[in-house]
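Given only the sequences and the hints, what does the whole structure look like? Please build it.
Protein chains: 2
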Amino acid sequence: MSGEASRVWRSLDASSLPQLLAGLREIRERLGGRPESWQVREVGDGNLNLVFLVDGPTGSVCVKQSLPYVRAAGEGWPMPLTRAFFEYSYFQAVAPWVAPFIPAILHYEPELYCIVMEQLSPHIILRRGLVAGQRYPRAARDVAEYVALTSFFTSDLGQSLERKMALSATFSGNSALCRITSDLVFADPYRDAPRNRWTTPQLDAIAAELRRDGALKVAAARLGHKFLSCAESLIHGDLHTGSVMVTESDTRVIDPEFAFLGPSGFDLGAFVANLLISYFSQDGHASPAAPRAEFQAWLLAEIEVFWSHFRARYGELWRSEARGDAYPTNMFEDPASGKALEIERARVLDELFGDMVGFAAIKIIRRILGFAHNIDFEWITDPHRRAHCETAALLLARAMLLSPAGFASVADIVTAARHFREHRGNGHS
Amino acid sequence: MSGEASRVWRSLDASSLPQLLAGLREIRERLGGRPESWQVREVGDGNLNLVFLVDGPTGSVCVKQSLPYVRAAGEGWPMPLTRAFFEYSYFQAVAPWVAPFIPAILHYEPELYCIVMEQLSPHIILRRGLVAGQRYPRAARDVAEYVALTSFFTSDLGQSLERKMALSATFSGNSALCRITSDLVFADPYRDAPRNRWTTPQLDAIAAELRRDGALKVAAARLGHKFLSCAESLIHGDLHTGSVMVTESDTRVIDPEFAFLGPSGFDLGAFVANLLISYFSQDGHASPAAPRAEFQAWLLAEIEVFWSHFRARYGELWRSEARGDAYPTNMFEDPASGKALEIERARVLDELFGDMVGFAAIKIIRRILGFAHNIDFEWITDPHRRAHCETAALLLARAMLLSPAGFASVADIVTAARHFREHRGNGHS
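Sequences listed follow chains R and A, in order.
In this text, residue positions in the first sequence follow the numbering used here: the first is 1, and each later residue adds one.
In this text, residue positions in the second sequence follow the numbering used here: the first is 1, and each later residue adds one.
The set of hints was computed from the structure by calculation and includes no laboratory data.
Misleading hints may appear alongside valid ones.
The list makes no distinction among identical chains, and a pair is therefore deemed to hold if it is satisfied within one copy or across any two copies.
20 Å max Cα-Cα, derived EDC-like pairs, lysine to aspartate or glutamate [what the hints assert, rightly or not]:
hint, residue 1, residue 2
1, Lys339, Asp183
2, Lys339, Glu321
3, Lys339, Glu378
4, Lys339, Asp192
5, Lys339, Glu351
6, Lys339, Glu316
7, Lys339, Glu36
A quick note: this is a predicted structure, and the numbers were derived from the prediction, not measured.
Written as structure tokens, this is what we have:
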């Protein structure tokens, strides 16, 4: 895979897409009827792609196509089409373990850089549901299960070094999307970058404060270095609540175009960050008629569900499914060695927890002071109210980065989140 | 690059090699005279390759060719030819920074998997010199300089993530040689493996002791996991004293066929391990007429020279040559942030030191209890004497793995080495 634009690539539209799909027997049969009767809607609301929903008399599909530039920024910010290839390759790589948690992938069209997949319905984006104050009882647990399975089975614990190095060879081509994360997540919020924006003037002071806090920036940069150099497992790379589609009884992970071999804690941290962002943003969406206090308590409880399930499941997989080259099982067959290994498992999981805390903090900060923001805060129209919520989130993130020892368990995260929401949000807004 | 054997590959010999070289103008001119007059000697004494020295009337070259099996184990242990490609690619990748410390690469013949390079003369393998009790005043310092330059400039501190991911894409193909290291270095010595051998019966007890020491095996496996998952820089992967050629005034690193994106501490540890092995082995080579005490003191001093120079040089490069995506310089421009970054540099170097200690211990153990041994110990013909030296080395390695906190500085390594040689070698032999 090269980063060069394909010579035959053209952007699909409502007339060319049915033509393409009509040529694919399996998809034509799924949709049913004549191609002229298919309804095509372009619904992409992300930053990078065209997304079409296609409905026929007997079925439907979703089609995602790469654009050669960052959609949110316009054609002046070019972006290789190959990200569709990495999204497709990621789905192929993880499907053996997490098929129930991803859309079925029906077809990949290499020259058009487009993926035809199951249209998820009546699923909605988890983030939108949370902004509306809607509970999804399975979401956090399912995403924890998903991250446990993908991060275990694509690590050196779950697979041979030959398979892991083959994944590395493929995903090392995805540098354009790693560039985005490295710059927008780990660097720009901590330096004077033209793409940064924040609720101004309310957050001017705290933004400036963070940008001159040497210890905080060192902590951020250390995590950025880990992001670039820790090839622990095949990570999704963008696992926020906007990359999860849900119903009350079903959870699907989408949009893995940022995938590469990175630290497992990055996916964990992304999801926790977005639950925390949702938690802090609820005060901006609450009204006397529709208070959000109970919903906020539920969100915090889901963070505990998320980590607890991940921790238990990952440990269980390591005990029963370890077929990789790290910690070879036949080195630890006697009971005393097995006991030593069990202690090590706890240590490794503690380390993953620490990574999750750090990456979660980073992900919170980038959504408030960096380029790409979330509707959780953006849809709070009153800037004072928004700034109030954002400040509490920033103060939590700062504490997570500067005092990692104070976050030794998931209960510590929950307690601190509650504390900053109740007592400190006022201080800076 | 695939791992498949080339269809046109054939092993070179004294008649086919001059034919090949005669067709390469630059090399023909370097050797001079008629091809029939060139002298060809096969001198490979390693485990994996054919090595020819070719001498003509006006010049000389060295030719290294991959064999499709592990030479030391016979044709029953196949090995992809592609390792010549990785050796060549490694030299190409690091040459911009360390050209004075590697042989000049004159030609690569892809289909024969052979590299034509400068013949180093009158250089000898450092390990042989050390076994003979010969000092090389530049060696440790030069290798430290070499590791500082290669590990810095191929890391995320020294180069862009795009360049690093391109290296990763290339060297992810080198899984066959990573497999050797993962099995022979990090696993076999700690489990019942048919390829293991040791000085028996003298080391039977300590070998068994190590293989049932859960904490020790966890420490070894943790380092093995780091080896597989920490893509810190392009490492040589086999940087022992047999991969360094020296004169009193020149130092060259050879044989980088194990190269891949790994932890920088692995190269550091390999070199330190082999200085320590040399130190412990000297008692087996000493005689009343030729004592080695002063030489041993010199070896320990060179370990200090090695680390001190590496540490100073790496820090210096980080201060002046940081053009990578880790710790972006423009995040730390104000003096307070610069100070925080300087503290972080010391922390990162302390971490590298810890990695060096751990990997050094692992490398010592594998040379005494694993498959591949060193002439340092092997040339001690009296097994009691050899076991005595090997036991002291094993005890040091065990302490380094089990009590890393006791090895906080290079002086701690030196003190402990002296201690185990003087007081503990007797206990187990």
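Please flag the earlier hints that this structure goes against, numbers listed from lowest up.
-> Hint check: 1, 3, 7 fail, others pass.
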